[in-house]
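Asker: Given these sequences and hints, build the entire structure.
Protein chains in written order, with this note's numbering: chain C, 1 to 503; chain Y, 1 to 328.
Keep in mind that a hint or two might mislead.
What the hints assert, rightly or not - Under 7 angstroms between C-beta atoms, here's a sample of chain C residues computed to sit facing chain Y:
1. 75
2. 95
3. 96
4. 104
5. 113
6. 114
7. 347
8. 417
Said to hold, decoys possible - Facing chain Y, from chain C, some residues (calculated, C-beta under 10 angstroms):
9. 74
10. 78
11. 79
12. 81
13. 89
14. 90
15. 91
16. 92
17. 94
18. 100
19. 105
20. 108
21. 109
22. 116
23. 161
24. 162
Don't read these hints as lab results, they were simulated from the structure. Even glycine gets a Cβ: it sits at the ideal position worked out from N, Cα and C.
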Amino acid sequence: MTAPMIAMNGITKSFPGVRALSDVSFDVRAGEVQALVGENGAGKSTLIKILSGVYHADAGEVHMNGEAVHFAHPVESLRAGIAVIYQEFSLLPERSVAQNLFLGREPRTRLGLIDTSRMRAEAREVLSLFAAAGHIDPDSLVGSLNVATQQVVEIAKAVSTGARVVVMDEPTAALNETECEELFATVDTLRNRGVAIIYITHRMREIARLADRVTVLKDGEVAASFDTLPSPDAIVRAMVGRDIEDFFAPKAKPDEIGDPVLTVRGAGNDVLRDIDLDIRAGEIVALAGIQGAGRVALAMALFGEAPFATGDVTLAGEAVSFRSARAAIAGGIGLLPGDRKSEGLVLMQSVRDNGMLTSRAFAPLWTSDQRNDNADTTRMDALLDQMEIRAASYEQDIRALSGGNQQKAIVARWLSMRPKLLIFIEPTRGIDVNSKAGIYHLMRDLAREGAGILMISSDLPEVIGVADRVLVMQSGRIVAEFPHDASEQDIMHAATAETEVAA
Amino acid sequence: MSIASDTRPTRKGFRFDRWAPLLLLGGAFSIYVAVAIATGQTQYLTFDNLIAILGRSIALGITAIGQTFVILVASIDLSVASLISATAVLASVVMDGSPAMILPAVLAAIALGGIVGLANGLVIIGLKVNPLIATLGMSLIIQGCLSAFVSNFAGEVPSAFQVFAYGEVGPFPFALLFLAALAVLAWGVLRFTKFGSDMYAVGGNEEAARFAGIKTGRIVILSHIICSVCASIAGLYLASRLRSGAPWIGSDGVYDLESIAVVVIGGTILAGGRGGIWGTMAGMLIFSLIDSVFNIAGVDSYAKQVLRGVIIVAAVAFYAINSKRIVA
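Answerer: Laid out in structure tokens, this is it:
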């Protein structure tokens with residue numbers, strides 16, 4: 001057994017009022033993937049920030065190759081060979097791949113100018129290490145690459161700086177299934193090159209695919225540490241401290257499904273073609289497909305943000321044609337965006353204000369909460385109570401809440417509008433296991449109360465676990481439909497198979 | 001995930017935003033030619049006249065080159081107009097008609113620019129004051145000090161120094177060649193040096209730059225020094241052209257806002273990290289062509305101002321609509 005590349009012993013860290021980590025020990029060896037799992041708030045990020053020098057531990061030691069190290073700043077840990085790949089990339093979209101790879105350490109000519117040809121050649125060399133990156137042109141702009149490829153560039157950058165430890169923080173959060181496979185191959189490449197990898201994730205499937213060892217954090221302590229790959233059940237049990245019963249809500253019974261809420265016939269625009277779609281009251285329909293298949297475009301068309309150019313849409317029996325989000329909301333459609341922070345929340349406002357965002361938009365400009373339902377804060381507080389949002393108070397800034405509680409606040413926002421159709425885009429992205437279950441049950445409750453629900457998700461187990469019906473999109477069309485008991489393989493096949501394109 | 005990321009194709013070849021300033025320049029030039037022909041004033045289409053048009057925007061061009069540097073690092077400089085006045089007066093007073101004092105005057109002007117730029121940079125980085133406010137404050141301070149000492153043209157520029165504005169090399173004015181050389185130098189710095197690369201990084205993503213080990217504060221301060229030194233060179237040029245310095249020449253030329261407008265029309269985004277010198281030069285040419293069109297067409301000066309405002313906004317809207325990204 002080789003000595004650990006990184007060993008963290010007895011790490012303790014407190015923030016005012018909270019003990020984030022207590023006596024956590026953790027290690028990772030060269031050429032292995034150590035999965036770090038735990039719910040949001042379990043202390044994973046804090047541990048990584050201590051490793052990279054963003055935070056300083058109150059007690060405990062970090063050893064690298066047997067020597068004690070003290071990083072005062074992330075730049076120091078980077079120099080020592082620890083690269084952290086965050087969910088928000090640190091790439092410059094307006095600069096080329098080569099320029100990004102060598103940012104801050106560009107090769108120079110004897111005159112002190114940047115040696116662009118050497119930079120390009122070295123970039124090509126680094127990229128060729130990765131199967132998924134062999135085709136990347138070092139001169140292409142990073143902003144023109146898709147998310148998965150950008151991630152490979154980010155990893156290649158870490159490797160080219162000579163990183164011996166690579167930390168990945170939920171790297172698949174923004175990736176679809178095929179892109180995930182590319183990433184896994186990249187992780188394998190890193191492992192074979194003898195890099196020590198710390199892999200943070202929520203997804204059991206990724207742990208099974210990648211991890212050599214698993215450490216589970218719960219409430220700032222190591223809940224379990226497995227030297228061989230454990231069963232998913234064992235991991236979940238360690239994460240939540242009990243078995244999760246009914247992780248997914250039960251499917252709709254036949255008598256719970258009512259009349260069509262939404263009917264779309266022959267609709268299309270510059271991205272979508274020949275869309276026929278029915279969503280019934282009480283039903284959860286999932287849209288599966290790879291990135292770029294047009295799922296989000298379909299949601300945006302229904303929501304009036306990028307409307308259909310042709311075709312007919314009927315909502316609750318009435319022909320409609322929404323040309324703006326405001327019109328769609330007034331008509332009874334709600335949309336929960338996939339990127340909560342940038343599209344869903346006003347981070348610097350309170351939980352209550354975030355809940356009131358849409359209803360206030362429909363209240364008259366001069367009104368008081370006694371006179372108008374749309375401005376009534378007591379009604380909103382009741383909804384927030386009903387969602388069981390965990391917050392110190394509804395006056396608190398929403399950015400302090402966990403992802404799950406933020407998502408619930410957005411659900412409350414839409415409930416106040418009594419929508420007929422709710423569109424959830426990636427409803428549990430970045431949300432921990434317990435809260436995920438909460439969101440799934442909430443979606444089912446909303447359906448039972450008579451709403452139609454359309455869910456877009458790149459997480460196939462979620463699609464299969466939640467939906468009553470699964471539609472698969474490809475190149476702007478709906479190409480397949482599956483009942484709720486479809487297999488992941490069938491859906492993947494439909495999403496990626498070459499289809500005959502009708503003239 | 002937004003609709004853009006879900007549907008955007010991977011573009012490689014033609015990039016609209018890279019060529020847009022050239023398109024606009026072509027448009028402005030066509031209008032210029034069309035108006036000259038339509039009004040029968042074909043004498044405006046001669047080589048000499050085109051050179052003359054360029055000659056009128058030398059000061060703006062020099063200032064805008066400096067402004068490009070600070071905008072690229074996501075900063076901005078509103079103090080350039082006051083600094084232009086201050087350096088013009090300083091140079092003119094130090095020279096006071098004596099050719100022997102040219103060198104000390106030029107050095108003093110450039111030193112003043114360097115100090116002002118350093119102060120701007122230190123206030124923005126050290127005291128974390130928003131650059132808009134920091135340089136607005138600097139502008140008021142400079143203008144106030146200047147007005148306390150001089151109220152009219154002060155000092156005199158010896159004829160030897162007037163060569164800067166009036167000298168010619170072959171068919172080209174000396175100042176125009178100087179501007180071209182300055183632009184080439186600035187382009188080289190941005191394109192081939194580590195400092196240039198660091199500037200794009202700091203403007204594009206300050207945190208990523210810092211984590212890559214770039215001393216981001218130093219880059220911003222250095223950009224401000226370059227910007228202010230460019231403004232002081234513009235001040236020297238104006239002193240040479242007007243044969244003396246006066247405390248209002250910078251603000252009369254609206255060099256602060258116009259230099260920003262030229263940079264933005266040239267495709268450099270106010271958020272930083274994207275753009276370059278040739279865009280700024282194209283922006284400067286667009287501005288002077290528009291002015292010439294107005295002159296040929298005999299547009300009255302108030303209408304001219306309204307039209308310039310409309311054109312600036314329209315140009316930026318043109319970029320925004322075509323590139324589907326936030327431009328300014």
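Asker: All hints are to be evaluated individually against the structure, with a verdict given for each.
Answerer: The hints, checked one at a time:
1. 75: Check passed: Cβ of residue 75 of chain C comes within 5 angstroms of chain Y, closer than 7 angstroms.
2. 95: 6 angstroms, holds
3. 96: Violated. Min distance 10 angstroms.
4. 104: Since the shortest Cβ distance to chain Y is 3 angstroms, the answer is holds.
5. 113: Since the shortest Cβ distance to chain Y is 4 angstroms, the answer is holds.
6. 114: The hint holds - residue 114 of chain C has a Cβ within 7 angstroms of chain Y, the shortest such distance being about 6 angstroms.
7. 347: With a minimum Cβ separation of about 17 angstroms from chain Y (threshold 7 angstroms), the hint on residue 347 of chain C is violated.
8. 417: 22 angstroms, violated
9. 74: Holds. Min distance 6 angstroms.
10. 78: 7 angstroms, holds
11. 79: 8 angstroms, holds
12. 81: Because about 13 angstroms separates residue 81 of chain C from the closest Cβ in chain Y, which is outside the 10 angstroms limit, the hint is violated.
13. 89: 8 angstroms, holds
14. 90: Holds: closest Cβ of chain Y sits about 4 angstroms from residue 90 of chain C, inside 10 angstroms.
15. 91: 7 angstroms, holds
16. 92: 4 angstroms, holds
17. 94: At 4 angstroms from the nearest chain Y Cβ, residue 94 of chain C passes the 10 angstroms test, so the hint holds.
18. 100: 9 angstroms, holds
19. 105: The hint holds - residue 105 of chain C has a Cβ within 10 angstroms of chain Y, the shortest such distance being about 7 angstroms.
20. 108: 7 angstroms, holds
21. 109: 9 angstroms, holds
22. 116: 8 angstroms, holds
23. 161: This hint holds: residue 161 of chain C lies near chain Y, its Cβ roughly 9 angstroms from the closest one there, short of 10 angstroms.
24. 162: 13 angstroms, violated
Hint check: violations occur at hints 3, 7, 8, 12 and 24; the rest are consistent with the structure.
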